[in-house]
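Asker: Read off the chains here:
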Amino acid sequence: MSWLGRMWTVASIELQQRVRGLAWYVLLGVFVVVVLLVTVFTTIATWNSDAPGAVLYSVIVYFVLLLGTLVTPALSGNAINGDRENGTLATTQVTLVSTAQLVLGKLLAAWITALGFLVAGLPFLLFALVIGGASVDTAIVSILVLALELGVVAAIGVGLSGLIRRPLFSVVATYLVVALLSVGTLIAFTLGGLVNQQEVTVENEYVDWEASSDEIDPQTGYPVELVCMTEEYTYTVPRFDTVWWMLAANPYVLLADAVPTHFDAYGNPDDLFGSLKYGVRQAQLPPTVGQSWSECDQLSSDGEYPTAEEVIASTVPSWAIGLLLNVLLAGALLVGAISRTHAPARRLAAGSRIA
Amino acid sequence: MSAPEPVPAASAAAPAPADIVVEDVGRSFGAVQAVRSVRFTARAGEVTGLVGPNGSGKTTLLLMLATLLVPDRGTIRIGEHDPVTESAAVRATLGWMPDVLGSWANLTVRRSLVLTARLYGITGRAADDRAAELVELVDLAELADRPTRVLSRGQKQRMSLARALVHDPRVLLLDEPASGLDPGARIALRVLLRRLAAEGRTIVVSSHVLAELDELADRAVFLEAGSTVSADRVEAARVAERGWRIRALDAEGLREALRAQGIDADRIVAEPQGLVVPLAGDERAAELLAALVGAGIRVVSFAPAVGDLEHTFLDLNSDGEAAR
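So the protein lines, in turn, are chains A and B. The opening position of the first sequence corresponds to residue -10 in the numbering used here, with each subsequent residue numbered one higher. The opening position of the second sequence corresponds to residue 69 in the numbering used here, with each subsequent residue numbered one higher.
Careful: at least some of the hints might be erroneous.
Short, incomplete list of chain B residues facing chain A, as computed with Cβ under 8 Å [unchecked claim]:
(1) L136
(2) P151
(3) R186
(4) A354
These aren't lab readings, by the way, just hints derived from the structure by calculation. We put the CB at the ideal spot given by N, CA and C, even for glycine.
With the hints as constraints, model all of the structure from the sequences given.
Answerer: Here it is in structure tokens:
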């Protein structure tokens, strides 16, 4: 039998033994009901917008990512050490299956299970495409990145289950790593920006109402004889532009960043991905420091803010690096699990047994 | 287990017999020296029994033989292959039945066997046929399509044996195969293992049921605190004084005759099945029997009170206790 055939046998054992069950179908059913509700409410809320389908599509994709990352650790985080506890790991290892086939087969099973949520969400994604607004390139790229990210979470779980002896700890550790990526990066980004504040001094000009004439120019609303005074003002701004890269490995951010964004007539993104991408890309821009403001100089404009489209065009995409970091982390954990699970074993964790 | 039918072979041509040669093997877990120095040879066509008290290193030794654990020192050869460096070659010829009864709880017995066959590279119809043969062989046909979680301990034990036989291995390692089996299944297991050995397989069995091993094993390897007991000590223990149970129609007459034969009255123990008398060696026993019969005692039974292995085991154990 081929290398892949034997790996697939491991995956099918895993799917039949551990994953498939009544609880799994109940979970999928609950998921479908929740997505149905989200679909109904999002559709009502965005019905009058230009691209109702675009918003709906991105909301559903994020929902699948959220649920996938919440459920997958529970299913994959005890794939290897759970078998060890049940006494079925060693009987598999004495067959002709290699450790790599064993670990990757379990990854495949966990990934397929996570993709079950994506499949359950497909009718709703198709509905979003049908009602219009969602672009095909957005749809394809977001699904690919979503599928890959679910695979990363599955791999983290399987990897940790091979590295940590007790199933409970490896499941918790998987949740912690997933939380570190999705929430931890956000906290680090916020704190990093706030810690790294810059002091800014600006000179602002004000109209000295006491010194100026009482006569008011009816056209401008300012005194006819203007007397100006300057005031120095010091404040601090957080420098998010020095820590923006921390968000690169965040699954939600990298998904948004990877997807091609489409803009409306005003240069605003038409879906949730675009809005998030705009927010994150903005953090790359240094704050406009030292810009003085003058009440007297009536010619000075309020300053034109760049549109979302311009911001996105002028900043660096980071999703490729973020995705690479995710895949490297998952790969390193899998390699660790393979070398740790290898039989014949040279070293055993304290208190563990083989059979 | 239905013994009579022959074990169906997956491969038609009889492969070369594979002996097990273990040379001075040791393995420790941290500070615990589980196996110190074990050396023995298990020959093809024979059943070799591993005998020793709990913690003497039997299971650790079997794990090293089963390509799951690397020895700290010494060498193991299974049919000319090293389980560490050539584990794939060893695994192809080896069936292992662990002492832990793990099974895929949600899969049926038949499905478990089919999937195990696939892991050994047996696919399609061949895997289905093999699973069908094995459920018949270990007498689980009625339960073949039930999930393995409903099996009792003894039934799981039989399924575990079937799983070890999936790829028709030349070498069988069985860790406590008889535990949990009812008497009928034990007899069937014994008949099956004898037949598998007669087909040229190398079989290593560890067991606590020494009476069982007495009838099954061609030779025994005694383990004590992680080391094999030397042949000299085993021989000495074997011929050491042991209890013989003697029953006669006239119990009082027997007691008188035993005293007349110079046996210390204090050392004669009365048991419901007869009087137990300590005798050193078979020669002495034969002489005593002849003397009793010659004295007109009507002897009904005259036999060792415990089996050969058990006697040796107990004697070695008491040596060990004394040494400590």
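Asker: Run every hint past the structure and note whether it holds.
Answerer: Here is what the structure says about each hint:
Using the Cβ-Cβ criterion of 8 Å, the hint placing L136(B) at the interface with chain A is satisfied: the shortest such distance is roughly 5 Å. Taking 8 Å as the C-beta cut-off, the interface hint given for P151(B) holds, the closest approach to chain A being about 6 Å. Interface restraint check for R186(B): the shortest CB-CB distance to chain A comes to about 4 Å, inside 8 Å, so the restraint holds. At a threshold of 8 Å, the smallest CB-CB gap from A354(B) to chain A is about 46 Å, leaving the interface hint violated.
The structure is inconsistent with hint 4 alone, although it conforms to all the rest.
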